[in-house]
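**Student:** Sequence:
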Amino acid sequence: MKCLNQNAETAGSLKTNKTIRIFHLAQTVGQLGILVICFYFGLRNAKLFAPKECNTILSSFILVCFFILVCLQFSLLQTEAEKPNGPQLFNHYFETITICCTLPQCLALLTKLLNYYHLINGTFWMLLVIFYSFIMYIPMAKLALIRVNNNWGRILLFAFIIYRHMIWPAKTIAGHLLYNKCFMQINNSGVLGIPILISITYFVMSSWKIQKPHKVFSRNCSISFSSVITLFLFGNLCWKAQPILNSVINHTNTSSLYFSRINPVIICSALRAGIAEEWLMRFIIIALLAQIFRSNKDGIYLIVLIDGLIFGLWHITNVCSQTLSVTINQIIHATGWGFLYAAIYLYTHSILLTMIHHSLYDFINFLFQSSITKYSAHVGFSLQFSIDSCIVAYMFLCAGLAFIIIRYDEVKQKNVIAKNLTQI
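Residue 87 is where the sequence shown starts when you use this note's numbering, and the numbers rise one by one after that.
Simulated from the structure, these hints should not be mistaken for laboratory data.
Incorrect hints may have been included.
Claimed, not checked - Pair by pair, the computed Cβ-Cβ distance ranges are:
1) W238 <-> I402: 13 to 23 Å
2) Q499 <-> Y218: 46 to 56 Å
3) Q174 <-> K498: 45 to 55 Å
4) F489 <-> F176: 47 to 57 Å
5) L100 <-> I402: 40 to 50 Å
6) S310 <-> F176: 43 to 53 Å
7) L323 <-> F489: 16 to 26 Å
8) F210 <-> K295: 35 to 45 Å
9) A112 <-> V497: 50 to 60 Å
To be verified - Under the rule of at most 20 Å between Cα atoms (straight-line distance), these lysine-lysine pairs were calculated in the PhoX-like manner:
10) K301 <-> K133
11) K383 <-> K500
12) K198 <-> K301
13) K295 <-> K505
14) K301 <-> K383
15) K295 <-> K198
16) K383 <-> K498
17) K505 <-> K298
18) K298 <-> K383
19) K267 <-> K257
Quantities reported herein were computed from a predicted structural model and do not represent experimental measurements.
Quick reminder that beta carbons are idealized off the backbone N, C-alpha and C, glycines included.
Generate the whole structure from the sequences, applying the supplied hints.
**Tutor:** As structure tokens, then:
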């Protein structure tokens, strides 16, 4: 009976793999078709595409068509040996990045072409694009990403994927397309990229030996100590919002100004940052770091240290929308929170706890301090301050609290973190 079940599972797996390969082939041929059509109409109508877009189409046609999409993407359709050679290993990295970039680009070109000739309804088309986006990266995950064996390489690739979809490229795909305003606000916030990340994770979890994320507190941890941690996080939110709430209470005009700023972009941007960043930093990266440092006696400290540093450096991309000094302060500040979030996640094993705090923390920032507009998720903080010792002290305070959490577990000899690491 057991043998029959195994045979049925194997047959089902083979059928699924075949379906994904066919889907990948269809997507590849579809991209080729889109580039050829856009190339043809671009030559016939000089007004259709801007000079920059024409160069993109031409370079894509030469590079993408004849090299990336044909030679390398078709190579993913082959059944590989258990130990792939060097070029095959490189192709897994290369194709993960390539597919992430070319699919949105081709959709953007197709959208502009259809919109120019008035062949689409904006809202209906963007709904189709969103629904399609939930499945379009499955071949990338199953045929390329899943075959990456190096944990550091996995961290870099997954960070790249989430960076690409933190602001879901539907905004780029839509261009000047007019569609439902509320849908546009939600779209531009990037929150619709979260289901994409979850679907990609689902396909790589088994191969990467990552277990499902825990939502509630681990049974191993102390309820009283976990409650103290939760109260601390709640108190931190109150402390951060208190000066602003005082100004709201004392000045009616300030109150109306702040409440008028609440819109789907701010709400969804906070959710996107909290969920996507915690999914990457705490769920994915800590699980992979746990595999790297599993046999290291200082593994827990190294996991917290590296996770915090990665989380801090992640914010360097904000330099495009704010001054360098503000960005450096944000990196230092985020590094401290990265240490603390990592220690809290390792002890409580609750991804929801850090997600909720992170989302609410960013919501306060976006609402009261940032320059997020009604239709844009472009985050730029209006606070201009120089680097001083207070920011560094705050980072060390968070690092100290993270150390206390780890030492508490060691002193009590409960081995809560060690037990939780076996379930990550």
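**Student:** Confirm or reject each hint.
**Tutor:** Evaluated hints:
no.	hint	result
1	W238 <-> I402: 13 to 23 Å	holds, 19 Å
2	Q499 <-> Y218: 46 to 56 Å	holds, 53 Å
3	Q174 <-> K498: 45 to 55 Å	holds, 48 Å
4	F489 <-> F176: 47 to 57 Å	violated, 40 Å
5	L100 <-> I402: 40 to 50 Å	holds, 44 Å
6	S310 <-> F176: 43 to 53 Å	holds, 51 Å
7	L323 <-> F489: 16 to 26 Å	holds, 22 Å
8	F210 <-> K295: 35 to 45 Å	holds, 41 Å
9	A112 <-> V497: 50 to 60 Å	holds, 58 Å
10	K301 <-> K133	violated, 52 Å
11	K383 <-> K500	holds, 16 Å
12	K198 <-> K301	violated, 42 Å
13	K295 <-> K505	holds, 16 Å
14	K301 <-> K383	violated, 28 Å
15	K295 <-> K198	violated, 41 Å
16	K383 <-> K498	holds, 18 Å
17	K505 <-> K298	holds, 15 Å
18	K298 <-> K383	violated, 25 Å
19	K267 <-> K257	holds, 13 Å
Consistency note: the structure conflicts with the earlier hints numbered 4, 10, 12, 14, 15, 18.
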